[in-house]
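A.B. asks: In case you want the letters, here they are:
2 protein chains.
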Amino acid sequence: MVSGHIVKSFDDDLNHLVSTISEMAGLAERQLADSISAMSRRDEQLAANVIEQDKRLDDLEADIDAQVVRMLALRQPQALDLRAVLVALKISSDLERVGDYAKNVAKRTLTLMQAPVIGQATSTIVRMGSIVGGMISNVVDAYLNADVVKAQEVRARDLDVDQLHSSLFRELLTYMMEDPRNITACTHLLFIAKNIERIGDHVTNIAENVHFLVAGENIAGDRPKNDLSSSTIITVGDKTA
Amino acid sequence: MVSGHIVKSFDDDLNHLVSTISEMAGLAERQLADSISAMSRRDEQLAANVIEQDKRLDDLEADIDAQVVRMLALRQPQALDLRAVLVALKISSDLERVGDYAKNVAKRTLTLMQAPVIGQATSTIVRMGSIVGGMISNVVDAYLNADVVKAQEVRARDLDVDQLHSSLFRELLTYMMEDPRNITACTHLLFIAKNIERIGDHVTNIAENVHFLVAGENIAGDRPKNDLSSSTIITVGDKTA
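Top line first, the protein sequences correspond to chains A and B.
Quick note: the first sequence uses our numbering, first residue 1, plus one each step.
Quick note: the second sequence uses our numbering, first residue 1, plus one each step.
Keep in mind that the hints were calculated from the coordinates and are not lab data.
A couple of the hints might just be wrong.
When chains are identical, the list treats them as one kind, so a pair holds in a single copy or across two.
In silico PhoX-like pairs for lysine-lysine, Cα to Cα no more than 25 Å straight-line [claimed, not checked]:
1. K150 to K225
2. K90 to K150
3. K225 to K55
4. K194 to K55
5. K90 to K55
6. K225 to K194
Keep in mind it's a predicted model, so treat the numbers as computed, not measured.
Chain A on its own, in the form it takes in the complex (with noise of 0.2 Å):
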């Protein structure tokens, strides 16, 4: 029964693997909500935390490493087994990063605080991010369930997050003109509602891999872009914003 026996093990394996990346996604998810609080309610102690607990991301995505790395040399898995291996290894790449993206939302939040509060903007950041958040959840519960319809429809998601960017992006330019004393705040925003844009992109990037891991092949057609922040003018006393 040693083969049975070698199989079995590699069951366990990819058990650990799969449960320290479901672990990785929660701690992800409540990062990025955490932060997002900390901002709308000025939290400074939130904000601290959440750029604290960001070590443990790290933590997680150096374990996942070395649990590839072991089971590439013990178990030389094939085909599906070696698929497995290598998405876990970028689902996690991918989490590391929404974890950067949320520390970096906290550090900035903790500079908002000496500035000037700009209301509609942070609520339109405060829907992005729950958007996110629930695209994460989402895109978990698609790589545990070997779901790839529920893959697709996070994919689909983040249309309307760049959605919300795009307009948010054109609305904080256009307070920066009425009043120079919002340009330092609406900066920052700017910088953390792309933050959380990239998020959205990190977890689409999830989705393709639970698609492809489950799938063999991958997503079709080209991801849906819905960002046209990089391409938008505002000119002064412009009323189209």
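Could you slot chain B onto chain A? The hints should help.
C.D. replies: Structure of chain B alone, referenced to chain A:
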């Protein structure tokens, strides 16, 4: 000579993998240099070329992914060989991101052509770009020659990039406050500068992976950081910038 044949084949595979990485790095470096030339010379055609060429980096990354899967499945590398294969996978993912950032610089360059020129800021960005371009070239040398000292130098160099980015951030906020007609252009320049600073971070990742590959352990000490832009506040009438 079966086992000799297998060993020889692994070396051939690895040489091909390393040469694909080297090709990718050369292309990424050129994409960065071209995106910055396009910005400083307001060269629309060159910016359009950069946007179009990015697909080649995506294709090279997919090629490296396929090479890695094939090597893991057929050669079942161990120890240093396994590390070399996994490090190649990570480096190619960082180089693909470098390309994405260069593409975004090119996109924003097309937008900037419709806005007023912000002279001094452009020349600081050119300087940042030339440092980061040199870092890409040096990190590839470090990789090809297993040179940990050079890898460490690249990592240290990123401090200069962070410092230029922090001071440019302050400078751009000041220009925005001086004249609201500068706001759109300065905002895109802020993101261009951030893109180049992020490219520096990805090159630093590569330097750390080269160190890990050669030395078999992570580089000692936390990554030096010198980017203060997330905590920068400028108020109207501030003369400290």
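A.B. asks: Now tell me if each hint is right for this structure.
C.D. replies: Checked hints:
no. : hint         : result
1   : K150 to K225 : within (19 Å within a copy, 39 Å between copies)
2   : K90 to K150  : within (19 Å within a copy, 28 Å between copies)
3   : K225 to K55  : between (32 Å within a copy, 16 Å between copies)
4   : K194 to K55  : both (22 Å within a copy, 23 Å between copies)
5   : K90 to K55   : both (19 Å within a copy, 20 Å between copies)
6   : K225 to K194 : both (14 Å within a copy, 21 Å between copies)
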